[in-house]
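Asks: Sequence:
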Amino acid sequence: MFKLKKLSLAQSFIGALICFGAALNSAGTACAATSSIIIDAENGEILSSKAPDTLRYPASLTKVMTLYITFDALNKGIIKMNDDLKVSRHAANMAPSRLGLRPGQKIKVKTCIEALIVKSANDCASVLAENLGYTEANFAKTMTKVAHELGMKNTTFKNANGLPNKAQKTTARDMALLAAAMYHHFPQYYKLFSLKKFTYNGKTIYTHNNILKTFAGADGMKTGFTNAAGYNIITSAQRDGKRVIAVTMGHNSAKERDRHVARMMDKGLKRLALNDKFQNTNMYASLDEKKLETAEETKVADNGETSWDISSRETAENVKKLEKDNRQETPDQWGIQIGAFSNYAKARSYALKIKKAARKLADKEIDIEPVANGSAVIYRSKIIGFAKSDADKACKNLKKKNKSCIVVAVRTDNQLVLANSQY
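Reading the sequence shown from the start, the letters are residues -32 to -1, 1 to 391 in mature numbering (1 follows the signal peptide of the UniProt record, and there is no 0).
I should point out that these hints are in silico values taken from the structure, not numbers from a laboratory. There may be inaccurate statements among the hints.
[Claimed, not checked] Pairwise CB distance ranges, derived in the manner of DEER restraints:
# : residue 1 : residue 2 : range
1 : T110      : K368      : 26 to 34 Å
2 : P132      : D358      : 31 to 39 Å
3 : K181      : K368      : 51 to 59 Å
4 : P132      : N178      : 31 to 39 Å
5 : A184      : D51       : 34 to 42 Å
6 : A325      : A184      : 40 to 48 Å
7 : A184      : H58       : 35 to 43 Å
8 : A325      : T110      : 54 to 62 Å
[Unchecked claim] Taking lysine-lysine pairs in the DSS-like style, the calculated list, with each CA pair at most 30 Å apart, reads:
#  : residue 1 : residue 2
9  : K76       : K164
10 : K48       : K171
11 : K223      : K134
12 : K238      : K321
13 : K324      : K368
14 : K159      : K113
15 : K321      : K235
16 : K109      : K54
17 : K223      : K181
18 : K44       : K159
19 : K368      : K238
20 : K328      : K223
21 : K113      : K171
22 : K109      : K78
23 : K159      : K223
24 : K126      : K44
25 : K54       : K223
26 : K159      : K238
27 : K171      : K109
28 : K109      : K134
29 : K121      : K165
30 : K324      : K371
31 : K137      : K159
32 : K324      : K210
33 : K235      : K44
34 : K76       : K54
In this text, all values refer to a predicted model and were calculated from it rather than measured experimentally. Yeah, the Cβ is synthetic: ideal placement off N, Cα and C, and Gly gets one too.
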C-alpha cells in the first residue's frame, strides 16, 4: 500500500474536526480556514502540510474515487470503454454540473469518464455508480470500503458525485493518498486527467481546472466546489523528472485556491530540485530514526565550512527583510526555527532530539527546509504548529537551556519568515 512517509495516513487523527464554513468545535475554537498537503508522488514523503487531518466536505473530489473504482472495473474486464451505460431517472435528475442526460438514454463508458474529468458531470457520476453498483447508495458503500483499504481512515462516501451530504467527509491527507493511489495503480488511465476538453453531441466542452492551463507541468487531477465545502482541488505536476501531488481545501474562491496550490507546487518542486542538486542521497527517503546519530547543533565557522547555526550570517543578512515580510502577513500558524545544518539527516535528528527533551513539543510537526546559500545548501530545522504565544514560550524555554531558537510565522503559502520575538 502506498503510504505518506512522514506520517502514514493510517495514523491520522480519527477525532479530527469537520469544518462546515466557520463552524466551531466543542471548545469554541474555529476550524482552520483551509487544509492543504503536498507530497513527493514517487515515495509519499510529505513536503509540507497545514491542518491536513481536519474533516471536510470533498465536493467533486469525490469523483476521483468514482473514477478509481471505474478504472479498476476496466482493468478487470467488468466493463469496456465502448460499453453502453443506461441512464436512470435518478441519475438524470442530478443537480448541475451535469451533461444533461435523459432517463432511458444510453451513454458510452468513455464519454462518462471524460464528462467526469472535464465537466465534473454529476449525472455521469451517478450513471457509473448505478451501472457498477446497482444503486448509487450501494456503490457509495463500496467507495468507503475501498477508501479504508487504501488507508483513508477518515473518509466516508455517501454518493458518487460529491453533491451535498452531511455524512460525506474526508481530509486533505486522505485525498492525497487517493491521488497517489490513482497515479501508481492506474498509470494507463491517469493521463486522462490532463484532458482540457472533450466533445459531446457535437459540442466542445472545456475543463473547469485552470491549473492545467496556467501551471507548467500540471497534468491532473480534479477540482470541486459546494457552498459548504468551499473551493477544493487535487492536482499533480512534474518538473525535471520530479512529481508532486498537492491538495488544498476550503478556499473562498477558485482564484484563491488556484493561486495557493500553484505556490505549493512551485515550492515543492523547487525543494525536490534542491535535493537533486546538492544531496547525493534522497533527502526525503524514509529515515530510520532510531539509527540516526544524535546531531550536534553546529556553528558557523570562520573558514567558511558548510555548516551553520541560526545565528549565522545566513540568517542575519535576511532578518530585516523577513521581519518586514512577517509584519505584512497574517500567518495561519507559527513555528520555531531551532537550527540550520549541512544535511537533512542532521537537521531532522536535532529536531527529534529537541522534541524528545521537551514534552510540550511532542505533538508538533517537524519541518526541514532546504535553502540555497551561495554554492551550498543548508537545511533549516523547524518545529511548527503553534499559536504565536505558545511559540514564544517554547523559544523562551529553549533559550533558558542555552538552545538557539527563533519564532517563525507559517504563511498561507507555507513559506516561513522570522517573527519579532522578545526572547
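Asks: Does each hint fit the structure? Answer for all of them.
Replies: Tested hints:
1. T110 <-> K368: 26 to 34 Å: violated (56 Å)
2. P132 <-> D358: 31 to 39 Å: holds (36 Å)
3. K181 <-> K368: 51 to 59 Å: holds (53 Å)
4. P132 <-> N178: 31 to 39 Å: Given a distance of about 24 Å, which is not inside 31 to 39 Å, the answer is violated.
5. A184 <-> D51: 34 to 42 Å: holds (36 Å)
6. A325 <-> A184: 40 to 48 Å: With a Cβ separation near 44 Å, A325 and A184 satisfy 40 to 48 Å, so the hint holds.
7. A184 <-> H58: 35 to 43 Å: Because 41 Å falls inside the window, the suggested range holds.
8. A325 <-> T110: 54 to 62 Å: At 47 Å between Cβs, range violated.
9. K76 <-> K164: Cα-Cα ~19 Å, so holds.
10. K48 <-> K171: Judged against 30 Å, a Cα distance of about 24 Å means the pair holds.
11. K223 <-> K134: Given pair K223, K134 holds - Cα atoms ~26 Å apart, limit 30 Å.
12. K238 <-> K321: holds (28 Å)
13. K324 <-> K368: holds (17 Å)
14. K159 <-> K113: holds (25 Å)
15. K321 <-> K235: Holds, at about 27 Å.
16. K109 <-> K54: holds (21 Å)
17. K223 <-> K181: OK: K223 and K181 at ~13 Å, within 30 Å.
18. K44 <-> K159: holds (19 Å)
19. K368 <-> K238: violated (36 Å)
20. K328 <-> K223: Cα-Cα ~38 Å, so violated.
21. K113 <-> K171: violated (37 Å)
22. K109 <-> K78: holds (24 Å)
23. K159 <-> K223: This hinted pair holds, its Cα atoms lying about 25 Å apart.
24. K126 <-> K44: holds (24 Å)
25. K54 <-> K223: violated (37 Å)
26. K159 <-> K238: holds (23 Å)
27. K171 <-> K109: Violated - the C-alpha atoms of K109 and K171 are around 35 Å apart, more than 30 Å.
28. K109 <-> K134: OK: K109 and K134 at ~15 Å, within 30 Å.
29. K121 <-> K165: violated (34 Å)
30. K324 <-> K371: holds (14 Å)
31. K137 <-> K159: holds (27 Å)
32. K324 <-> K210: violated (33 Å)
33. K235 <-> K44: Between K235 and K44 the Cα gap is close to 38 Å, so the pair fails against 30 Å, i.e. violated.
34. K76 <-> K54: holds (9 Å)
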